[in-house]
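Participant: Just so we're aligned: 393 in the working numbering is position 393 of the sequence shown, and the numbers increase by one with no gaps anywhere.
There could be a bad hint or two in this list.
Stated by the list, open to error - Cβ pair distances, simulated, as ranges:
id, residue 1, residue 2, range
1, E59, V37, 55 to 61 Å
2, P204, R313, 17 to 23 Å
3, S98, E59, 40 to 46 Å
4, V353, L328, 34 to 40 Å
5, M178, V132, 37 to 43 Å
6, E74, M51, 51 to 57 Å
7, A368, L328, 56 to 62 Å
8, H286, R198, 38 to 44 Å
Claimed, not checked - As a list, the in silico SDA-like pairs of lysine to any residue whose alpha-carbon atoms are at most 20 Å apart:
id, residue 1, residue 2
9, K145, I133
10, K211, S296
11, K229, K250
12, K230, A272
13, K250, P204
14, K310, D174
15, K211, F183
16, K237, I253
17, K341, E324
18, K211, R192
19, K237, Q283
20, K284, V242
21, K117, I133
22, K211, R221
23, K351, G367
24, K250, L300
25, K310, S294
26, K211, A232
Hints are computed from structural coordinates only; laboratory data are not their basis. Just so it is clear, CB atoms sit at the ideal spot from N, CA and C, and this is done for glycine as well.
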Amino acid sequence: MNIQDIPAVTIGSVTLSPTFLLALAAAIVLAPIIALVLISMRAASTRARQMAEVARRDEAAEARLGELLKAQAEMQGRLATMAEVFGSRQAELNQTISQRLDGMTHRIGATITEQTKSTHDNLRTLQERLAVIDAAQNNIQSLAKDVVGLQAILSNKQTRGAFGQSRMETIVADGLPMGAYAFQTTLSNGSRPDCTIRMPNDSPPLVVDAKFPLEAWNVIRETENPEQKKMASQQFKRDMEVHIRDISEKYLIAGETQDMAFLFVPSESIFAEIHENFEGVVQKAHRQKVVIVSPSLLMLSIQVIQAVLKDQRMREQAHLIQGEVIRLMEDLSRLDDRTRKLQSHFLAASKDVEMIITSSDKLAKRGAKIEAMEFETPGGRTDGEEVPSRAVESRTGMLKLRVVDED
């Protein structure tokens, strides 16, 4: 079929020839192929660029990897150096720490030892103090028991009297020898004083009374109300005056007892308060020739009486002492005579010893002279021949010496 045989195509006012249509068809057919070729070429160019980029990136990556490996090697070297440095530093640090720990351990041990020793010392001191405290507590408990017993004693009137009398008897018995005092003796009027003390020079005995009105005094001490205290003080004053009058009437007997008596007060504080607050009672006691005495004053009076008794015994034994002194002087005179005789014997013996020493010296000198002599054999005489000699007698006639004649 010929191209000219193909009819023309009219589209609107435009008429398309067959050639044009063929060209248009060829263009339509070739356009995809060309597009595919262009796309392929472009894809190849893109792939080439990508491959180049990948290669470039690989080279860069390899370069960077080499740098990283080099940096890693350097880092490993540095790490090894640092590890070595750290190891040496760690060893030094360990040694230093060990030394410091040893020093600290030693110091801590010494400190602990000192603290332990100090603790032991403190515990020992504490134990000693606790022992002292225990002893003091025991003493306090014993004292509390004694106080309770004393309160029980003071709560009973008869027991209080026995307590005062017991204390008075203890003071008298401790201060005076046996036989110088007596308890509960009966006087001619039938009264029985608590104690009588025998006086020297056959003087009448001294009476001591221990029946102090302690009950009235305790009422004064225990009362808090001023009115009741005043009434108790008046009652105590009356009791004291009555008791002083009884002592004066019962115990002061002319020719049988001393013209004064002692009223024993069993407490120094009570004695002081009586003299401070009850001056009238003290004055009345003096007028009645009754002396109020405390334990210390009674003890002092006992010591004075003891000294007087001792002086009396010495005066009674004065003639015996004088006789003993005379016999002592006689013995001393005989001793002096015998000593003088012994001295004369010693002097004579000393002279004899001096004479013996003189004779001994002379003999020693003569022996020295004899020892210094030279013995020679005369000419023509043999050693065996007899040598003429002459005897020389000493002054004693007992010593003979053979002296060789000299030419």
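Participant: Which of the numbered hints above does this structure break?
Facilitator: Of the numbered hints, 1, 3, 6, 8, 11, 16, 17, 21, 23, 24, 25 do not hold.
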